[in-house]
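Number of protein chains: 2
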Amino acid sequence: MTYMSTATPTTELAGKKIIVSGGGIGGASTALALALRGADVTLYERHEEFKEVGAGLQIGPHGVKILEKWGLGDKAIQAGYLPDDMQFRDAVTAENILTMKFDETFRERYGAPYLVVHRSDLLNLLVEAGREAGADLVNGVSVVGGEENAAGDGVDVTIEHRADGSVETVSADLLVACDGIHSVFRPKIVQDEPVPSAYVAYRGTSDLPNDPDMQGLNSVVGYIGPRCHFIQYPLRQGELLNQVAVFQSPRYLDALIGGTDAPEDWGNNEEFKNAFGHTNDFLQGRLGHMWLDQWWQMADREPLTDWVVSDHILVMGDAAHPPLQYIASGAVMAMEDGETLALYASEAASEGDVDWGSVVREVSDERAPRCGRIQTTSRFWGEMWHVDGVARHVRNEAFRQAERGGWFHYADWLWNYDPARRDYVNDPALGELPEGLKDWEYNIHKIQRQRDAGVSAEDITV
Amino acid sequence: MTYMSTATPTTELAGKKIIVSGGGIGGASTALALALRGADVTLYERHEEFKEVGAGLQIGPHGVKILEKWGLGDKAIQAGYLPDDMQFRDAVTAENILTMKFDETFRERYGAPYLVVHRSDLLNLLVEAGREAGADLVNGVSVVGGEENAAGDGVDVTIEHRADGSVETVSADLLVACDGIHSVFRPKIVQDEPVPSAYVAYRGTSDLPNDPDMQGLNSVVGYIGPRCHFIQYPLRQGELLNQVAVFQSPRYLDALIGGTDAPEDWGNNEEFKNAFGHTNDFLQGRLGHMWLDQWWQMADREPLTDWVVSDHILVMGDAAHPPLQYIASGAVMAMEDGETLALYASEAASEGDVDWGSVVREVSDERAPRCGRIQTTSRFWGEMWHVDGVARHVRNEAFRQAERGGWFHYADWLWNYDPARRDYVNDPALGELPEGLKDWEYNIHKIQRQRDAGVSAEDITV
Chain A
1 MTYMSTATPT TELAGKKIIV SGGGIGGAST ALALALRGAD VTLYERHEEF
51 KEVGAGLQIG PHGVKILEKW GLGDKAIQAG YLPDDMQFRD AVTAENILTM
101 KFDETFRERY GAPYLVVHRS DLLNLLVEAG REAGADLVNG VSVVGGEENA
151 AGDGVDVTIE HRADGSVETV SADLLVACDG IHSVFRPKIV QDEPVPSAYV
201 AYRGTSDLPN DPDMQGLNSV VGYIGPRCHF IQYPLRQGEL LNQVAVFQSP
251 RYLDALIGGT DAPEDWGNNE EFKNAFGHTN DFLQGRLGHM WLDQWWQMAD
301 REPLTDWVVS DHILVMGDAA HPPLQYIASG AVMAMEDGET LALYASEAAS
351 EGDVDWGSVV REVSDERAPR CGRIQTTSRF WGEMWHVDGV ARHVRNEAFR
401 QAERGGWFHY ADWLWNYDPA RRDYVNDPAL GELPEGLKDW EYNIHKIQRQ
451 RDAGVSAEDI TV
Chain L
1 MTYMSTATPT TELAGKKIIV SGGGIGGAST ALALALRGAD VTLYERHEEF
51 KEVGAGLQIG PHGVKILEKW GLGDKAIQAG YLPDDMQFRD AVTAENILTM
101 KFDETFRERY GAPYLVVHRS DLLNLLVEAG REAGADLVNG VSVVGGEENA
151 AGDGVDVTIE HRADGSVETV SADLLVACDG IHSVFRPKIV QDEPVPSAYV
201 AYRGTSDLPN DPDMQGLNSV VGYIGPRCHF IQYPLRQGEL LNQVAVFQSP
251 RYLDALIGGT DAPEDWGNNE EFKNAFGHTN DFLQGRLGHM WLDQWWQMAD
301 REPLTDWVVS DHILVMGDAA HPPLQYIASG AVMAMEDGET LALYASEAAS
351 EGDVDWGSVV REVSDERAPR CGRIQTTSRF WGEMWHVDGV ARHVRNEAFR
401 QAERGGWFHY ADWLWNYDPA RRDYVNDPAL GELPEGLKDW EYNIHKIQRQ
451 RDAGVSAEDI TV
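Read top to bottom, the protein sequences are chains A and L.
Under the UniProt record's numbering, the residues of the first sequence are numbered 1 to 462, in order.
Under the UniProt record's numbering, the residues of the second sequence are numbered 1 to 462, in order.
To be clear, the hints were calculated from the coordinates, so they are not data collected in a lab.
Some clues are possibly wrong.
[Unchecked claim] Below, simulated SDA-like cross-link-like pairs (lysine to any residue); rule was C-alpha separation at most 25 Å, straight line:
no.: 1; chain 1: L; residue 1: 273; chain 2: A; residue 2: 455
no.: 2; chain 1: L; residue 1: 438; chain 2: A; residue 2: 400
no.: 3; chain 1: A; residue 1: 446; chain 2: L; residue 2: 226
no.: 4; chain 1: A; residue 1: 446; chain 2: L; residue 2: 280
no.: 5; chain 1: L; residue 1: 188; chain 2: L; residue 2: 365
no.: 6; chain 1: L; residue 1: 438; chain 2: A; residue 2: 93
no.: 7; chain 1: A; residue 1: 438; chain 2: A; residue 2: 428
no.: 8; chain 1: A; residue 1: 446; chain 2: L; residue 2: 250
no.: 9; chain 1: L; residue 1: 69; chain 2: L; residue 2: 116
no.: 10; chain 1: L; residue 1: 273; chain 2: A; residue 2: 439
no.: 11; chain 1: A; residue 1: 51; chain 2: A; residue 2: 205
no.: 12; chain 1: L; residue 1: 438; chain 2: A; residue 2: 285
no.: 13; chain 1: A; residue 1: 51; chain 2: A; residue 2: 139
no.: 14; chain 1: L; residue 1: 101; chain 2: L; residue 2: 381
no.: 15; chain 1: A; residue 1: 438; chain 2: L; residue 2: 388
no.: 16; chain 1: A; residue 1: 51; chain 2: A; residue 2: 299
no.: 17; chain 1: A; residue 1: 438; chain 2: L; residue 2: 222
no.: 18; chain 1: L; residue 1: 438; chain 2: L; residue 2: 428
[Unchecked claim] Label pairs and their calculated CB-CB ranges:
no.: 19; chain 1: L; residue 1: 145; chain 2: A; residue 2: 437; range: 52 to 62 Å
no.: 20; chain 1: L; residue 1: 410; chain 2: A; residue 2: 454; range: 42 to 52 Å
no.: 21; chain 1: L; residue 1: 453; chain 2: A; residue 2: 49; range: 48 to 58 Å
[To be verified] Which residues of chain L face chain A? A few of them, derived with a C-beta cut under 8 Å, are:
no.: 22; residue: 384
no.: 23; residue: 401
no.: 24; residue: 440
no.: 25; residue: 458
Virtual Cβ for every residue (Gly too), placed ideally from N, Cα, C.
Please work from the sequences and hints to get the whole structure.
Set out below in structure tokens:
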């Protein structure tokens, strides 16, 4: 299998001025995808450089296919690592309960390999490719507002130069807000807040070739256990080891149940030290490799059913659908968003004048149900990882069964995706969880529902 | 497929005097199996008639095979019902999550059909067949004691005539104590108490042909749900509907956690009335058919690794291994016990003088690990039925997967049993749960462990 190392730019969007707010993976992907269709793209990033927080990133085949379309397949693989498989292990016993092989059968089914890559490396590739494709990627500028223009045929975008605080208005055909979980445009659609999951992540990268315990690691390994999990995989062609340790913060959970404010530093080192005592010795021995000076309090938001601010303003990426990380699709969703917008806009342009109001609604109609399902499935998947007691044993057996019986049918909806098919436009119900999960309730919702019903803290069931 | 309607009695045990204590299914089975090998069997039952509490009884193919050996296959099937399948449904939604077909494939794999029968009907058949085979089945007499005789070649058994309280001593080669969960002989091996499960059963039988909601029922149907379940199946060739409603008693559970005595009437009608509110409407509508004047507080005992009181005294049946009911093997275990003893004793007799000490130890070595596994698996199976939240959805999916992937491999150890193979004598580790379940902890134990460790009631996790 070979991967395109250059894309074939087209010109359908020539002359269309599009402003992208935010230079994370979502914004950079969107700028690149649009520039590859000939659009006149300007991306504003408020920081003075393009950078990503965190370390490793998993790109399922649904994402690799897009990177290939953008001519970045080879480069991303060179920069990253193609694991042989993903292995789930019980965090208590270290027993392997499911191996998902990323072999030829996998690649044929999903049309691409499974890739892991450093977030910064991927972002650098996207930024570089965007610039090569002609997009103008500007640092040190925030997009602070945007309104439909007086003629109703475009958008007036307010930008602020961070260096001197000066503000100016620029006009465009379209403003795409990829401005993250704390988006300034999402509140124009819905006034909501991030939903903390009570889980916190510690991360760390280290020297893999000189780590005696990790020789031969060529898998994504996930130890899943009661109230915690631990992920390991190689990056940079095996030069770097990426590790993530995630656990439920007792202080956050207690505050949520008690209806009080959680301490600012929930998930701190003290909690980290106590969070993995019930896991196997190997895993506990690995915790010394984690960074202790920062940690990530993990949150998502409720799925948003409409991403359209107005005919010429659309939210995408984490601004539209910040997920929990459990099905490793946050970055890929943002890449899918960018490709979908570029595709639908260029198709519209091929047929005549672009009706941007139609384009953004079609993007929203296709993407919102899909991303909502990914967000909800991520919540479910996380809860399933973290169960205890008899549930843990039933989960382990369900995983073993999935290996015996073919796990593909759980993944097809996620990885066999092509925005050109407009599956979700045609059948928005695809965005719902499978029938058997209809009455599943996210644990955080369950706690809140009980609190709202006046159940006292000691009687709340988690 | 036809079933033997008469057994072929043999004479290996001619002249061996064996006393069986207890005329339940276990004692009657043992008397029959021994009498069919020519033994001189006397069974003492303290009640004035042979009767069974409860109503329906499930006899898996491992039990039907034994009934066939005893010449009761046809009669038991005539008296009972051969369901087409067993269906598990989610008690909340009524969704069918697993159908286990009792078809030709099933019968060929396990060598017999799956039978459901009224407990009284089965007991009557066993008693009648035991008498036909020459056993002396005596009512109104309790076995109150037993000691090795002075010569060390037999047992002196103390019996009490219930009518007048008179006591006498009778001698025998062997005493088999099938005297139930409150056995007078088990304490000679271990001083333990029944372990209440916190669950209580309501039962009821009703007229099936005139029940408009139940027309066409030809399955064993089990609705399994959070903290409760509900079972339905036909009996007596479809003339009778058997229903069992089981739920966790909040008062018993609270007392257990709090370390106080549970009220005597835990599981009473008041609790029953509130126990199924979260289940589907159909199920709730069926509860009106249950008897309200009695209910069964369900308990088992810890597995017993040695059933031998002395060279000439053996405990069997519920005296040795009272189980929870979840894998429907209590009666069948007792039948297996009887057949195993008769088989091993007759094999020993064929080779010369019977060394009863060796026979009872061999029976114990074969049966104790198997019955221990059945008891432990029943506890696990029950907990799996009763999970809530995300665990319930994972359980449902594990059941769906088991249907897709072939559920047989979960049942082979249970239903493909032949005591003649001496599988457990040869490999006692067969009595352990599968590797992946090694660190599962029974919920009742988990509560007790926390209490023993001084965890306060409000902090105990269930």
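Report task. Please write out, lowest number first, the hints stated earlier that are contradicted by the structure. Result -> none
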